Amino acid sequence: MARIIFSLLLFLSFGFSFAQKPDCSCFVKGVVRDKHTSQPIAGATLLIVGQNNGVFTDENGRYELQNLCPGSYTLECRIIGYNSFQHKLDLTAGHEENFNLQEQEVHLKDVEITAHRTDAPSSQPLSTISGSDLEKTRGQTLGESLKGLSGVTVLQTGSSISKPIIHGLHSNRVLIMNNGVRQEGQQWGSEHAPEIDPFIATRLSVVKGAAGVRYGSDAIGGVILVEPEELPFDRSITGEVNAVGFSNGREGVLSGTVQSGVKKFKGFGWRAQGTIKRGGNIRTPNYFLDNTGISEKNFSLAAGYRNKGFGIDLFYSRFDTRIGIFSGSHIGSVTDLLNVIKNGEPFVKAGFSYDIGRPNQNVTHDLIKLESHYHFQNGNRLQWTIARQLNDRNEFDLHRPRNDSLAALNHPELTFKLTTLTNDVVWDHKPILGKIAGQLGVSTLYQYNLMNGRPLIPNFNQFNIGVFWMERYVKDRWELEAGIRYDYRTLKTHRIVNREKVSQDFNFSNFSGTLGATRNFSERFSGKLNVGTAWRAPNVSELFSDGVHHGAAAYEKGDATLQPEKAINTIASLKYAYARWSVELGGYYNFISDFIYLKPQPEPVLTIRGAFPYFKYTQTDAAFKGIDLSASWEFTRHTTLSSKLSYLRVYDRKNDSYLVMIPPNRLDNQIKYELPDLGNWHQVYVSVGNLFVAQQKRVPPKSDFLAPPKSYSIWNVQAGTTIKVSEKQQFEVGLSVQNLFNTVYRDYLNRFRYYADEMGLNASLRLKWKFGA
Amino acid sequence: MKMNRKLSWALLFGVAITFSQCKDSGEEVKPDEENELITSVVLTFIEQGTSNVTSFVYKDADGDGGNAPSRFDTVALKPNTTYTMTTEFLDESKTPVSDITEEISEESDEHLLIYTPSPATLLTYTYGDADVNKFPIGLTGKAVTGAKGIGKLKVQLRHQPGAKNGKPEPGSDDVNLDFNLKIQ
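Those protein sequence lines, which keep their order, are chains A and B.
Using this note's numbering, you'd call the opening residue of the first sequence number 1 and step up by one each time.
Using this note's numbering, you'd call the opening residue of the second sequence number 1 and step up by one each time.
So here's chain A without its partners, still in its complex pose (with noise of 0.2 Å):
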């Protein structure tokens, strides 16, 4: 479900007209539309921030702006049950092309907004990567184009699998919504990275703090959006090709979507899109790294029909990855991991080679989803979104067995399918009164889990439904917003104990819930209020590991009586925006009872390998306390200096104590300088970046083999233009150096800290090739 979040795309539908002579004739106008239904949204609010006057779209969702001298401005557009949204216009800068005689005497602006529909509480902080920023991280996968989010860091098993952290929070607590569907896969495990291709995506946001309400369970720490954009209906065929190469690994992507409406069928769009990567061996400044190589094939598929209030959308994506695991990082016992340990670099030598050996792992995601709505006359909106997938994961270790006939199967040590259907249906009652809209959901989920091989969790069948009730309330600089839900979660287990059969059965529900209002202070000044709750059940891996992770030189045991844990979150955000400042500043207090962790045991575990440090899944109360600012200073015109900062401490309350794992506080600069556009050359910008992350000090006594690694602090270039060749077609060109001293360092949050270090220098060439209207 999710119709995602706050987005409004600007169409400047009319280009520019102006005259030199300054006068006060200029006007804005336009109509508001809702995305992805295309229907004229009424009594939208339009304003110019910094002055008094605002205006309401009409019945058919048109605005207009009058009597405004030429100069910048800010135009602010707040609609009940979206987010509100900031465009800003020159009505300055002269643009001759499309002079319009009628026009000669008026500046005018015509500004078609199309909004998505808002989903997430409005109270809560939301970034979104989209437009440029998001070309920039192309290539890269989910996780990593993330993390130029503040307060989004990254869980990585080398440098082909990473994980999003959100305010210290990963896996099973950050739940990725992919195109409206819940992404489930294994994402218990701490190598098991989301199987989505951000190709699909042209906006990826991350609501922050716990947003169970909207989301369901699991939304503890927060919610992922990738959000494809909306289908072309009724317009001409379009498309892009990207292409990406890195010297690091000697990787190529390649991407096309191609996407159009039907000419004699009105109402019709459909889009095509696919994506081939290959990598090999990664480098680290000093030493390559054996089989980390990568190589990944996804498609999908998307056709959708409109007609008045009713729409419908089809969509199927499949994911398709092998990535070799760095073969030095396996590990029989404690010994082994002590001796790379001392060595300080991996044993295993390589050379470059695209080669994918064991140990490795293949995964497919396949996704099916079928969305419909209908718009009643009245206001009243129906949607209904039923999707499956089927997540295939398999794992294979470094050693085939000794066994002849067994080796020659080459069968994967393990093997999990997962199959999930989920169903959503999402009634949107009319305004009442102008000024309340709100939601009502119902939401099932139906899984079941296959597993062979080396066991490691059971099988299991799980139901979940879940309803839920927001409402949003709107009066002038004052925004509040309530919503309630229940979930019920059954689960059943079955696995092998002593070559019998063991079933287990087992229930949890709870409520969560959510308060926010929203304040504007004056035009520039704005504050955000938010108290979330949220819930999470515990995951099979929790409720029954047994057995040593090899990863982690570990011997982890779960706990089938565990809890449920339960984070309360509160979240307030201030912002400032005027000329050329801008400045965000959030803080957080995430409270999560029954927190659910491996704590250190005092008596190791004997194995046929030596003896293990013993871990249990344990509960307690834990407390995650952050700070994010982000903030951007033009300080001469076109140069741009901006800056982000995470802060965050948490502490284990009912021991005492640090938890492990918890992302060490970082600082992103980043210094850009736009130039004026050259020509066809427009957007040419160059920027100088640096990362500082600081050493993780605050660590429980005894719970490592190795301290966190130091701090460290890397440097990137980049620069990059958009060339406009004629009307319909235009390229784009990136180049950027990331890690540009190749400076050698270990990153605290990298599972394979332990056996080397962080990528080298890597050089990136990025086109991508824009056609159609």
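It should be emphasised that the hints constitute simulated quantities derived from the structure, not laboratory data.
One should not assume that every hint holds.
To be verified - Here are the simulated lysine-lysine pairs, DSSO-like style, with alpha carbons at most 30 Å apart: (1) K417(A) x K30(B); (2) K625(A) x K147(A); (3) K501(A) x K94(B).
Every value quoted in this text rests on a predicted model; they were computed, and no experiment measured them.
Following the hints, complete the assembly by docking chain B onto the known chain A.
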């Protein structure tokens, strides 16, 4: 609206198909027969010039997790005595019990056994076998005990596919056990 109705039917059909594929994961759960496990290690000492045979065992029949190891013997040997020593590896989680020793012997160019007594004076080990590349294996050998004393005997099975060079460093441990050692 006619079109809408048609589409609604298509939708319902879609739901029917999607949900007809539900299955019970409990029917598919079965014991793992393919993955190899080493559950037991048997060290056998034959006193030279006699027919005295003693065996010392580590046994954890269900592998890691589940039940704790059921046997972890102390290696008790006579002082200043020469023994012929053989080592066996078994997977007792399978029925019938599978003998991993044979597999190791067949792939001897990928395996190396290492015996490390501590203190080192308690026992001296000499390899009695070699692979095709003339590197030692360690499935059979000679153990000569020193004077009376107690300590540990570390037994390691190094798995070194494609990297065996006679040294312990390459590869990883498949077995790493510290037997108590008693020379009396």
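Results of checking the hints against the structure:
{"no.": "1", "hint": "K417(A) x K30(B)", "verdict": "15 Å, holds"}
{"no.": "2", "hint": "K625(A) x K147(A)", "verdict": "19 Å, holds"}
{"no.": "3", "hint": "K501(A) x K94(B)", "verdict": "16 Å, holds"}
When held up to the earlier numbered hints, the structure conflicts with none and fits them all.
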